[in-house]
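Q: As given, the protein sequences belong to chains A, B and C, one line each in that order.
Take 1 as the starting number for the first sequence in our numbering and just add one per residue.
Take 1 as the starting number for the second sequence in our numbering and just add one per residue.
Take 1 as the starting number for the third sequence in our numbering and just add one per residue.
A few of these clues could be false.
[To be verified] Derived lysine to aspartate or glutamate pairs resembling EDC-like cross-links, with alpha carbons at most 20 angstroms apart:
(1) A:Lys73 - A:Asp147
(2) C:Lys7 - A:Asp62
(3) C:Lys71 - C:Asp39
(4) B:Lys346 - B:Glu216
(5) C:Lys25 - C:Asp62
(6) B:Lys204 - B:Asp62
(7) A:Lys167 - A:Glu201
(8) B:Lys7 - C:Asp5
(9) A:Lys71 - A:Glu168
(10) C:Lys25 - A:Asp147
(11) B:Lys69 - B:Glu162
(12) A:Lys204 - A:Asp62
(13) A:Lys25 - B:Glu216
(14) A:Lys7 - B:Asp62
(15) C:Lys18 - A:Asp5
(16) C:Lys25 - A:Asp62
(17) C:Lys7 - A:Asp19
(18) A:Lys69 - A:Glu162
(19) B:Lys204 - B:Asp247
(20) A:Lys18 - B:Asp5
(21) B:Lys25 - C:Asp39
(22) B:Lys18 - A:Asp5
(23) A:Lys346 - A:Asp314
(24) B:Lys7 - C:Glu111
These are computed hints drawn from the structure, not numbers from a lab.
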Amino acid sequence: QEISDTKFGKGLINFTAKDSSFSVKFAPRIQFRSFTSWDYDGENYEDLEQAFLIRRARLKFDGWAVTPKLKYKIELGLSNNDIGGANEYTGNSPRYILDAVLKWNFYENFELWAGQTKLPGNVERVISSGNLQFIDRSILNSRFNLDRDIGLQLHHKINLGENFVIKEKFALSQGEGRNIVVGNIGGLKYTGRLEFLPFGEFTKGGDYSQADLQREETPKLMLGAVYDFNDDAVRTRSNQGSFMAFDDGSLYMTDISTFFVDAVFKYQGFSFMTEYANREASEPLAMQPGETDFAEYVVAEGNAFNIQAGYLFDNNYEIAARYSSNDFNEVTNLLGLEEYTLGGSKYIVGHKLKVQADLNYSRQDGMSNYIAFRFGFDFHF
Amino acid sequence: QEISDTKFGKGLINFTAKDSSFSVKFAPRIQFRSFTSWDYDGENYEDLEQAFLIRRARLKFDGWAVTPKLKYKIELGLSNNDIGGANEYTGNSPRYILDAVLKWNFYENFELWAGQTKLPGNVERVISSGNLQFIDRSILNSRFNLDRDIGLQLHHKINLGENFVIKEKFALSQGEGRNIVVGNIGGLKYTGRLEFLPFGEFTKGGDYSQADLQREETPKLMLGAVYDFNDDAVRTRSNQGSFMAFDDGSLYMTDISTFFVDAVFKYQGFSFMTEYANREASEPLAMQPGETDFAEYVVAEGNAFNIQAGYLFDNNYEIAARYSSNDFNEVTNLLGLEEYTLGGSKYIVGHKLKVQADLNYSRQDGMSNYIAFRFGFDFHF
Amino acid sequence: QEISDTKFGKGLINFTAKDSSFSVKFAPRIQFRSFTSWDYDGENYEDLEQAFLIRRARLKFDGWAVTPKLKYKIELGLSNNDIGGANEYTGNSPRYILDAVLKWNFYENFELWAGQTKLPGNVERVISSGNLQFIDRSILNSRFNLDRDIGLQLHHKINLGENFVIKEKFALSQGEGRNIVVGNIGGLKYTGRLEFLPFGEFTKGGDYSQADLQREETPKLMLGAVYDFNDDAVRTRSNQGSFMAFDDGSLYMTDISTFFVDAVFKYQGFSFMTEYANREASEPLAMQPGETDFAEYVVAEGNAFNIQAGYLFDNNYEIAARYSSNDFNEVTNLLGLEEYTLGGSKYIVGHKLKVQADLNYSRQDGMSNYIAFRFGFDFHF
């Protein structure tokens with residue numbers, strides 16, 4: 001048996017080639033979850049439901065090749081939740097590939113990305129699902145995020161004075177989500193994200209990882225804003241949600257714009273994040289040509305708000321709380337949802353080996369809806 | 001090109017991190033099969049059928065992390081036979097993950113398992129498909145085994161006197177099989193297995209590997225008994241077989257219990273295994289509410305018996321023979337099946353590189369049914 | 001972090017076990033593509049379509065085990081294009097496995113292959129999709145190639161005099177393509193390929209890699225001829241194309257023979273390849289038993305021709321041109337297609353990191369059809 005100079009949490013494989021022609025970190029990871037929920041029938045919490053789930057299981061390769069200026073990332077989904085979503089637009093095949101992207105630092109602070117990866121949307125979505133402080137992301141994220149898409153991105157960074165950093169991220173993508181094999185439908189999607197870090201960069205990329213595991217010695221803040229325009233979008237949530245396909249196979253198309261502002265703050269074990277999201281369509285009701293009464297699909301227009309904070313104790317236990325609400329425009333007939341979450345985490349080896357639990361109380365349209373208790377672990381090389 | 005201190009059959013990758021923070025063995029494997037069969041039409045064996053198949057192809061990761069007391073196993077299926085079985089309960093996605101489980105030795109001889117893996121059912125099933133002495137498992141196993149499920153397991157071991165070992169294994173699982181994404185349907189599944197090893201542990205885990213490749217110097221015996229109760233089961237073979245779904249989408253539920261006893265014996269190249277299985281349901285006939293005549297599904301109630309033995313010659317050739325029979329209860333209208341198998345194996349590098357062939361003669365309901373000749377190889381890092 | 005004695009383009013992992021019990025090269029690779037096309041409406045090029053695509057993403061393991069005389073190859077597809085084609089014959093599961101094959105040099109120049117891999121068909125097909133000098137293969141290949149199948153192959157090589165090499169390749173396969181789980185349908189498929197290399201072997205297997213990256217110092221030529229007979233074939237293109245299944249589930253069967261001649265020439269950066277293909281069926285019209293008028297399927301009988309050449313400049317830029325035409329027999333009612341392609345490639349690290357673009361002009365049945373501009377990169381460890 002060999003001895004290898006790696007460390008748990010730094011990749012199952014992690015090396016640089018002796019001739020400096022490439023580096024690689026290869027890491028499998030799994031998330032085990034248990035869900036228990038009670039529905040509210042108007043008077044009582046009843047109808048207990050329980051489930052175990054391998055929520056996520058992934059294989060991830062990243063590093064650089066030829067030169068450290070050329071980075072790559074390939075991430076594959078393995079769990080049935082990861083690969084779900086096969087339809088005629090994905091060739092009726094499961095969606096194994098999450099990321100397949102090259103990132104080329106071709107000039108100074110400019111980086112050009114080509115391939116499939118996350119769009120520069122709300123911060124909560126871009127944070128890896130392996131770096132969360134609750135069992136899963138908020139309801140704002142699940143209904144409003146921009147997820148992944150295929151195309152090109154341009155990233156740039158400006159250093160102002162000693163600390164102040166500004167980051168600009170632009171993406172040009174197909175706009176139908178990941179793993180589409182039928183080519184571009186409708187028009188392209190344009191995404192821009194601007195980030196301000198007035199007190200300098202977070203330690204070890206902490207703005208894109210929840211919980212202040214680095215225990216920032218000075219306050220760190222990231223303020224972000226995103227504007228996304230999906231020209232002739234064909235899905236109810238821009239590049240996510242149902243494809244708005246009529247019975248004759250034609251797709252309804254309308255321009256959809258999405259807007260986010262978000263903030264991340266960390267200081268000495270305390271972490272805070274807040275987000276606002278808004279989605280508007282130029283014609284939200286998907287009606288057959290000639291039809292004026294019956295909309296077969298409605299774009300999920302609306303607003304959402306999320307706020308969460310946590311504190312990490314010296315023993316690497318954390319408690320965190322979150323409030324999220326989604327409000328959809330009246331035209332959608334979708335009910336508003338609020339969720340209160342109280343979470344606890346024990347970070348045994350940071351986010352790489354952790355045990356988490358959270359308790360969720362939800363209200364739909366102002367009425368009690370359900371209580372859910374969730375626990376699980378992350379195991380991540 | 002590098003030189004690595006591993007060995008064929010010990011994993012393609014096999015190392016311990018220098019800081020002792022984890023160990024890993026990574027091994028791909030494939031099984032190639034050729035099947036030739038002749039059906040019996042009452043007078044002659046005719047209707048020759050021939051097939052080639054990549055029966056199994058797998059990627060397996062196992063080892064420990066943080067401490068040798070925390071073991072993990074991740075096994076992925078690759079072949080079309082491995083990943084088959086997509087349906088609405090698996091998110092209409094292929095079933096890629098076989099195992100994703102952590103095993104924590106939290107106290108003395110106690111081990112807690114969490115995740116998806118094989119249930120502690122009949123020994124033949126728990127033995128890896130890479131460690132068989134025939135081309136495939138018996139018909140008892142294919143109709144009665146408990147396969148994999150998701151949940152928690154508790155394993156414990158007692159050492160009595162110098163040699164006598166008792167193992168107790170308990171599992172609490174969802175009860176619908178592997179890779180279910182819709183949560184628990186019906187009730188939970190409870191499995192208990194008790195093992196007695198009166199002459200001590202088998203060399204290198206030989207009770208869970210067929211053929212006596214270790215050539216036990218003293219006789220070794222394992223006696224096992226399993227009781228499994230699936231509360232409100234929804235599949236015709238407990239957590240396997242067809243989902244008993246009515247046209248309205250509702251699922252028929254009935255309690256199903258499964259019982260096994262088995263024995264494994266090995267001594268100086270001789271290996272012997274026998275198993276008995278029994279399945280009973282509280283209400284085996286799946287009828288629509290209000291209906292009394294027509295059962296849309298029937299739980300495969302019945303008994304089965306399997307006995308097999310082999311002898312490994314000094315040159316690592318083995319001959320083995322097997323008799324298996326399945327008897328289903330009259331209510332099921334399923335025909336009984338008997339199978340006689342004569343097998344030969346050449347273990348070139350143990351079970352890791354082997355060539356096998358077997359000849360099968362089958363009788364259905366007492367009548368000749370088919371003859372099948374099968375050969376193939378296993379290639380396993 | 002470790003230092004590993006490998007090199008970009010020689011595999012992410014590449015080592016020989018210290019005890020010489022096996023060697024392995026493991027390499028992931030991805031192909032990113034952008035397509036832009038304009039259809040010709042009779043007067044103008046209009047109707048611009050644009051698409052981004054992860055065309056191929058693969059994991060490949062190869063090397064030898066136990067002895068260098070026993071080689072293996074396992075290649076897995078990851079992209080939605082790679083794994084597409086699920087149907088009842090593949091167990092309704094995605095086709096994840098491309099190759100799973102052992103190659104045993106059991107005697108002198110004889111090699112026995114067992115498993116699933118490419119058949120010894122036209123050279124263009126057997127060349128890896130990672131070693132092409134255009135964005136993708138020709139239209140001859142897409143309509144006439146023999147692709148992969150499962151079974152046995154026998155390869156042999158004769159050295160005549162100092163340089164002259166003759167290679168003979170025979171395959172016996174199921175004849176329904178890759179990843180079939182339902183056993184052999186119809187009869188077997190028999191393939192033979194003969195190759196003549198009058199001026200000796202190409203440097204580093206250059207006959208099976210496009211572009212003369214080795215800059216052959218002396219002229220090298222390979223002449224090949226293939227004859228393939230698919231007994232009772234059930235697909236419209238022998239072991240490819242639609243399964244000719246009638247509504248009652250039965251399959252139409254007819255013998256299909258395919259014939260190829262091809263040539264590859266390379267000298268000092270110049271590369272040339274040409275191919276001719278022909279397919280004939282004994283009864284090309286798939287009609288229901290008793291029916292004489294209406295054919296539900298037609299075997300794609302016809303001829304095709306492909307010719308291409310490229311020149312690699314000292315700076316590793318290459319320009320290449322290709323002309324391909326497909327002519328189908330009148331009975332098929334399929335329109336003939338011609339394609340002119342002009343390509344440019346920059347081989348940064350040979351075929352392992354390259355950027356390519358090509359411009360295609362197509363004519364259907366002698367009429368202008370479309371213009372397509374394609375570009376992309378290959379990233380291959």
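Q: Determine for every hint whether it applies to the structure shown.
A: Going through the hints against the structure:
| no. | hint | verdict |
| --- | --- | --- |
| 1 | A:Lys73 - A:Asp147 | 16 angstroms, holds |
| 2 | C:Lys7 - A:Asp62 | 16 angstroms, holds |
| 3 | C:Lys71 - C:Asp39 | 47 angstroms, violated |
| 4 | B:Lys346 - B:Glu216 | 19 angstroms, holds |
| 5 | C:Lys25 - C:Asp62 | 5 angstroms, holds |
| 6 | B:Lys204 - B:Asp62 | 16 angstroms, holds |
| 7 | A:Lys167 - A:Glu201 | 11 angstroms, holds |
| 8 | B:Lys7 - C:Asp5 | 19 angstroms, holds |
| 9 | A:Lys71 - A:Glu168 | 19 angstroms, holds |
| 10 | C:Lys25 - A:Asp147 | 34 angstroms, violated |
| 11 | B:Lys69 - B:Glu162 | 24 angstroms, violated |
| 12 | A:Lys204 - A:Asp62 | 17 angstroms, holds |
| 13 | A:Lys25 - B:Glu216 | 43 angstroms, violated |
| 14 | A:Lys7 - B:Asp62 | 16 angstroms, holds |
| 15 | C:Lys18 - A:Asp5 | 18 angstroms, holds |
| 16 | C:Lys25 - A:Asp62 | 18 angstroms, holds |
| 17 | C:Lys7 - A:Asp19 | 7 angstroms, holds |
| 18 | A:Lys69 - A:Glu162 | 24 angstroms, violated |
| 19 | B:Lys204 - B:Asp247 | 50 angstroms, violated |
| 20 | A:Lys18 - B:Asp5 | 18 angstroms, holds |
| 21 | B:Lys25 - C:Asp39 | 53 angstroms, violated |
| 22 | B:Lys18 - A:Asp5 | 5 angstroms, holds |
| 23 | A:Lys346 - A:Asp314 | 11 angstroms, holds |
| 24 | B:Lys7 - C:Glu111 | 24 angstroms, violated |
When each numbered hint is compared with the structure, violations occur for hints 3, 10, 11, 13, 18, 19, 21, 24.
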